[in-house]
Amino acid sequence: MRFAFTEDQVAFRDAVRDVLAKECTPATVRAAWAGGGSEDAWAALGAMGVLGVLAPEAAGGLGLTAVDLVLLLEESGFAALPEPLVEHGCVAIPLLDGPEPELLDGSVRVTAPFHHDTVVPYADHADWFLCFDAGAIRLVPRAAVELEPLESVDGARRLARVRAPDDAGAVVADGSAVKQAFERGAFGTAAQLVGLARRMIEMTVEYAKGRRQFGVPIGSFQAVKHHLADARIALEFARPLVYRAAWSLTRGDADASTHVSMAKSTASDAAVLAARRALQCHGAIGYSYEYDLHLFMKRTWALAAAWGDAAWHRDRVGRAIL
Amino acid sequence: MRFAFTEDQVAFRDAVRDVLAKECTPATVRAAWAGGGSEDAWAALGAMGVLGVLAPEAAGGLGLTAVDLVLLLEESGFAALPEPLVEHGCVAIPLLDGPEPELLDGSVRVTAPFHHDTVVPYADHADWFLCFDAGAIRLVPRAAVELEPLESVDGARRLARVRAPDDAGAVVADGSAVKQAFERGAFGTAAQLVGLARRMIEMTVEYAKGRRQFGVPIGSFQAVKHHLADARIALEFARPLVYRAAWSLTRGDADASTHVSMAKSTASDAAVLAARRALQCHGAIGYSYEYDLHLFMKRTWALAAAWGDAAWHRDRVGRAIL
Amino acid sequence: MDLSFTADEAAFRDECRAWLEANVPRGLPSGDTREGFARHLEWERALFDARWAVVSWPEEHGGRDASPMEWLIFEEEYYRAGGPQRVTQNGIFLLAPTVFAFGTREQQDRILPRMAAAEDLWCQGWSEPDAGSDLAGITSRAARDDGAGGWRLSGQKTWTTRGAFCTHLFGLFRSDPDAERHRGLTYFLVPLDVPGVTVRGFGRLDGDEGFAEVFFDDVFVPDADVLGEVHQGWRVAMATTSSERGLTLRSPGRFMAAAARLVDLWRERGDADDASARDDVIRAWIDAEAYRWQTFLTVTRMTDGEDLGAESSLTKVFWSELDVRLHETALQLLGTAAERDESGWMKGFQFALSGPIYAGTNEIQRNVIAERVLGLPRA
Amino acid sequence: MDLSFTADEAAFRDECRAWLEANVPRGLPSGDTREGFARHLEWERALFDARWAVVSWPEEHGGRDASPMEWLIFEEEYYRAGGPQRVTQNGIFLLAPTVFAFGTREQQDRILPRMAAAEDLWCQGWSEPDAGSDLAGITSRAARDDGAGGWRLSGQKTWTTRGAFCTHLFGLFRSDPDAERHRGLTYFLVPLDVPGVTVRGFGRLDGDEGFAEVFFDDVFVPDADVLGEVHQGWRVAMATTSSERGLTLRSPGRFMAAAARLVDLWRERGDADDASARDDVIRAWIDAEAYRWQTFLTVTRMTDGEDLGAESSLTKVFWSELDVRLHETALQLLGTAAERDESGWMKGFQFALSGPIYAGTNEIQRNVIAERVLGLPRA
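Residue numbers (this note's numbering), protein chains in the order written: chain A, 1 to 322; chain B, 1001 to 1322; chain C, 2001 to 2379; chain D, 3001 to 3379.
Chain A on its own, in the form it takes in the complex (with noise of 0.2 Å):
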């Protein structure tokens, strides 16, 4: 039992927060909700091996496992990064023998839908689609399908309702591997929802230092403090599960399914804690739009909804142990 990163995963952890701290600032995010692109970020992330870390050696990627990639989702996460990387990069490559090159090097997006559903997110930027139906999983162009813009609480997730013909695109892989596809996607959900909760959190300190009132800084009342320090304990009891969820998909355990869900839940509820603490620590500047700190909630609110949300994986986790 070694539960520790490599020197190397650390260290390709740190090169992504440094470029997705330049290339996908908050102004990104909230170009992203006027429909403008972060493709500097995702051609980036390309250059970089992260769209093909899943994808095998032989055909361009880096044939590493869940284990190398969740930090990484963890800092797309940490920056709202607003793009289809979980559907892409988590969801899709695996899926694929032998990933055309475009699909690794940041030209293109891969996106998909998640819980039986055919809603997508990021749907105007992507180039493929992910369908699934009871018997395969289909890659199908952009020109095939029809969207149907949808609202949702994150404008820079770009919602739509996919909607393509049966024999559209090519089969990928038949129905067997849809289950897995899903526990990807939840998984690689879970370290986004982490990362946002840091995020969120390190935003919330540093306002908590600087704002003073009643002459002193709002950081040094009690309850600011408890607030804080209970969004921080969610957090350290939270990853620990999605770090584990990653090592179990990798070995393909047998659990991993629940090892999946305690993590998404356990996340998926540290994040929204965040989001409480971290907005009534701000107060009415919190509440503004024109702060930063909607764009991480709401991304927060999407995500702990999506893939299935707290309660339908403790249920899971329920079925499993009860």
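In case anyone wonders, no lab produced these hints; they're calculated from the structure. Just so we're clear, the structure is a prediction, and the values are computed from it rather than from any experiment. One or more of the hints may lead you astray.
[Stated by the list, open to error] Simulated coverage check for chain A against chain D, where a stretch passes if three residues somewhere in it have a Cβ under 8 Å from a Cβ of chain D:
| hint | region |
| --- | --- |
| 1 | 195-209 |
| 2 | 222-232 |
| 3 | 262-270 |
| 4 | 309-317 |
Idealized CB from N, CA, C, for every residue including glycine.
We have chain A; now place chains B, C and D onto it with these hints.
Then chains B, C and D, alone, in the frame of chain A:
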């Protein structure tokens, strides 16, 4: 709509409060743990008419209602009175068509089980036992029952399982009265829980004013303030539901059981929260047997479970409204 | 104690219900956008024309002399019928009680009827960039202009709800520059179209332009527009704040209606297997009932002349946290669909999150409960 | 990362399991009563004889040189087999790490083997009537006695767990009367049978005599029984407190075993209709898992030489509140039977309630998290 008690009702409450402050001190409650009686308190309540509030005037009772009784029950909770006031005055007396004077004057005690059970509190000092079976309610004298003492978290409750021959005692009501008897028991217990919550909050406020750590009273710390504010809020919003249940029972409102369930669930939760916060604000001294807080906490835990716990009553509300 | 409604109360309820069911508009857009605000004003004016805008006010100012209990009944019926939140509420519920208590007869006659008729639209100028929870940190100034018979205001207010759509502002300014904290403030009434006032609307969490910053650059206000005594603004304002925190702003009707909608949502979407959500639905419903009955108890005490003092802080914490829980439960019932919010619950959730922040954060309220209701020592 | 156990770890687990399943006593009474304590000592001595009492200690002192990971495995197996809480834990888990870190060779040889063998039984003398959360408020004094080559202790300690049954006390006394707060304290090791010591046991919440007051009246302690440097007791003690708060006292095994018992209770008593309780059972189980994996992560970091600093406060809050929730859920499953507690859950609940209080209240821990983990300013 006028939601207030009369001057007479408030004066009666004050008189009972004064009597219990003298006759039912924490030392009295401790004595009950050791099997000692609180005869003086019981006799005083009899002399004041408290036991016969719900008995007809013709039989020597006060001929009043649950609205007149609710504040007195609350006071008995505040004092943690170790006597079957709910079972005797609230459950049994209204079943009796002209109760004997000795049942009203504090000479004897009736106890009763709750919730289709045969476990009764205050068993060892009881003179009469209500026994429920499918078709009838019987009033059975001490001589005809067999008692098997059971441990309770609250030693002052002196629980026992009652066994009586099928034909023991006298039938006092048919099976149709069982439901109403249960409603009255749950209601009376809710009223006591409200009193208990108030007692624990008061004790803790006093302690937090006097106890100093870090050079200041612990009650000046925001965490302590917020713990107690939460308990006070819960009390504030439980109390009106208990008073409203009193009214609904008095009027025979068609929804009275839903109102009783709202009262019992909310009062149970409020008192359990008050216990938790009281203990936490006291710290180690609250955790010691020599200090009085535990007498009130243990009564709270016992009564929160008795006559249906909060979840049971919420479920009953759900069956009515969903 | 008599928890049945009197014949008069029942008749009043019937009258409210009949009119509201026939007249409440369906599908109004948010009142916190410019377009929506205009539509809401039509509704406010319809209410006024039918004398339902300010039922508890005297008839001479457009009301019905309704008792507090009748006012609660009106509110229950208003929300039961699906009435929208009142865009005039800051004037009617926050300013008006202060005008009744401190205004001169001339001020009352000039201000109240136009407020009731939604001709003058009032926003609150309390908060400043550096005075949020700590209102006593106000730095906007009022300088005396004896020659002109009035005051000159300068400084900045912010977080002013619907400020971009209102015509008037009531606010506190520091009239005695040497006084500190709560002293030396004066309560002013300011038209927003006078020279020197600049209003900039900005977005709330949900994107609507529901907030504004209001800048004051040497704005002249005559003595006639001072409410209450000069330098006594804090005391005057606290009367308003106390009503904001207490009864008037959040009548139980709103939460009863929301709990009823939650029960409907459960019937429609609830999964019998998911008894955790079921328990939360029941809790929300019970809490709304508790809030209703606590209000009846409180209104009876007020009617009997009792002073409630700091107890309104208990109410503020309870309704605001109930509102958040209730919406969280709805989102749980919606599951993955919560993100899309076709039903409005997600928008309602975001609005509910403002409850524990505005009108005195719940942290401040809990301090007040501890210190003034329970008697714990100040820090 | 390798989250499978090594062959050595698996073998160690098998060895633990085999011995514990064969030897863990059934139905021991509470170790916090005089009779129960004696029975527990037999068990402690059996553990020692089989070299399971202090697996992480060096072999020379009765241990097995087990790695921290192996120690966690032992703990999981210990609680899985139904092992009782260790009545020797205050010595083994709180004092021993300090003796290893600060003790002289002579002290280590004299103290540790007898501690491991449950011959000397140690209780902690931190708290005083006026020094609870605020440990720096200690007033018990140590006066220098140069002639005798030692110190004379006077004052009172209280809330001393199992103090009435122990043979020795470790505690802090004020050796420099002019120093304030954390300064001028010295860490002493005191046999409880020496002249001038009076021990009075008193009852805990659940009625067991689990607490004691210890009075010191001019008690002589030789220099050999000072642990660490004179006047440096706070620094020395904080090493102990940090281990108390962190890993050692509350290994995940205890909560995993409790969560497993809760799952059993659900299977036995759970009402399929009551999905609210079901959700709580699942939460408790997930939380115990989270605690386990967070511990593996932490132990790996410690093994890699990282200093965890204040992070142990995160752990203290989490396990203590998990323990309370877990027991509350059990009581909910028991319904009206909770009052009677034939199953021990009610007693367990009362014990769990001490978790958020002792070893630094959770309010203090949250302050530490905010100030030292998050970097928020001190008040």
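- Of the numbered hints stated previously, which ones are contradicted by the structure, given in increasing order? none
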